[in-house]
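With the working numbering applied, the sequence shown has no gaps in its numbers, which climb one by one up to 1318 at the end.
In short, the hints are calculated from the structure, not lab data.
Yeah, the Cβ is synthetic: ideal placement off N, Cα and C, and Gly gets one too.
Please note that the accuracy of each hint is not assured.
Claimed, not checked - Derived CB-CB ranges, DEER-like:
1) Ser1168 x Glu1262: 24 to 34 angstroms
2) Asn1202 x Glu1266: 13 to 23 angstroms
3) Ser1168 x Lys1207: 18 to 28 angstroms
4) Ile1227 x Thr1195: 17 to 27 angstroms
5) Asp1169 x Pro1118: 31 to 41 angstroms
6) Leu1114 x Lys1229: 48 to 58 angstroms
7) Lys1116 x Lys1229: 42 to 52 angstroms
8) Ile1232 x Ser1167: 16 to 26 angstroms
9) Phe1170 x Ile1129: 38 to 48 angstroms
10) Lys1183 x Ile1227: 34 to 44 angstroms
11) Glu1266 x Asp1169: 16 to 26 angstroms
12) His1105 x Asn1202: 18 to 28 angstroms
13) Ile1227 x Asn1145: 10 to 20 angstroms
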Amino acid sequence: MGPQPHAETTWHFFLSKKPLQLKACLSKEIFYHGEPIPVTVTVINNTEKVVKKISVSVEQVANVVLYSSDFYTKIVALEESEEKIQPNGSLTKTITILPLLANNRVKKGIALDGKLKDEDTNLASSTIIKDGIDRTVLGILVAYKIKVKLTVSGLLGDFTSSEVSMELPFRLMHPRPEETDGTGKESGQDDLVFEEFARQQLKDEIPGKDNIMESPSNE
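Model the full structure from these sequences, guided by the hints.
Right under this line is the structure:
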C-alpha cells in the first residue's frame, strides 16, 4: 500500500510573534479511479491573522518526454471550505475530494487513459517506471498531487491576503491492473492517449502541424 503521505509547514508572518502551522495527510498512497480521497488538514493559527479559506485540489502533472521535457499542470478537482480560523485558534478537518474526468467541464490539456468519445474514459493513471525501462518510450509521464492552500487575511483585508500551501504526492490507479507487457504499461490497454492534450501542445509550439500526433489505437 505504500507509506501514508503527510506533510507540514510553518509560516511566519510579518509583525506576528508566533507562526501558523499547516499539516495535511492522506490515509494511503494509492487511490483508485472513482474513489473519494479524504484529506485531513490541521491548522494551528498562532498569529494575529484570520485564516479565511482552505482549498484542496488535485493536480495532474504531465511530463512530455516524447518530443520534449515540458511539464503541464492541470487542476482536475477542487474543494473549498470557508470555515474561518480566528487568531490563536486551531482546526482539524477532513475534506473529501473526487478527481473525475466527468467533473471537468474543460477537458483540454488533461491526459487521459482513453479517448474523449469513449464513455469509460478515465483520467490518465499514474505512470510507474520499472527499472531498466527507457522513460521516453512512455511518451508522457503522469503524476498526481494534492495541494492544500490557506488564504490568510492581511493588514488591509482582502487586498493584501496571502497564501500558505503544501503538496502531497499520491498515485491514481485502476482497481485491478492487468499483467504488464514489460514496458511498465498494462497489456491489452491502449497506450496513453494524448488526444487534445498532446495535439494542442504541438499545434501551439509548431504552427501548421495539426496532425503530427494521432491518438494511438489497437487495430
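For this session: Return holds or violated for the Cβ distance of asparagine 1202 and glutamate 1266 against the range 13 to 23 angstroms.
Result: 21 angstroms, holds
Exercise. Cβ-Cβ distance between serine 1168 and glutamate 1262: within 24 to 34 angstroms?
Worked result: 28 angstroms, holds
Exercise. Do the Cβ positions of isoleucine 1227 and asparagine 1145 conform to the proposed distance bound of 10 to 20 angstroms?
Worked result: At roughly 41 angstroms between Cβ atoms, asparagine 1145 and isoleucine 1227 fall outside 10 to 20 angstroms, so the hint is violated.
Problem set entry | Hint check for isoleucine 1227 and lysine 1183 - Cβ pair distance inside 34 to 44 angstroms | 41 angstroms, holds
Exercise. If you check the beta carbons of isoleucine 1232 and serine 1167, does the distance land in 16 to 26 angstroms?
Worked result: Since isoleucine 1232 and serine 1167 have Cβ atoms about 19 angstroms apart, the given range 16 to 26 angstroms holds.
Exercise. If you check the beta carbons of serine 1168 and lysine 1207, does the distance land in 18 to 28 angstroms?
Worked result: At roughly 21 angstroms between Cβ atoms, lysine 1207 and serine 1168 fall inside 18 to 28 angstroms, so the hint holds.
For this session: Confirm or reject the claim that isoleucine 1227 and threonine 1195 have a C-beta distance inside 17 to 27 angstroms.
Result: For isoleucine 1227 and threonine 1195 the Cβ distance comes to about 25 angstroms; the hint holds.
For this session: Could you see if the CB distance from glutamate 1266 to aspartate 1169 stays within 16 to 26 angstroms?
Result: With a Cβ separation near 20 angstroms, glutamate 1266 and aspartate 1169 satisfy 16 to 26 angstroms, so the hint holds.
Exercise. Falls inside 31 to 41 angstroms, the C-beta gap from aspartate 1169 to proline 1118?
Worked result: 36 angstroms, holds
For this session: Starting from the hint 48 to 58 angstroms, judge whether the C-beta atoms of leucine 1114 and lysine 1229 obey it.
Result: 52 angstroms, holds
For this session: Confirm or reject the claim that phenylalanine 1170 and isoleucine 1129 have a C-beta distance inside 38 to 48 angstroms.
Result: 22 angstroms, violated
Exercise. When you take the CB atoms of histidine 1105 and asparagine 1202, is the distance between them in 18 to 28 angstroms?
Worked result: Between histidine 1105 and asparagine 1202, where Cβ atoms are some 26 angstroms apart, the hint holds.
The earlier numbered hints that this structure contradicts are 9, 13.
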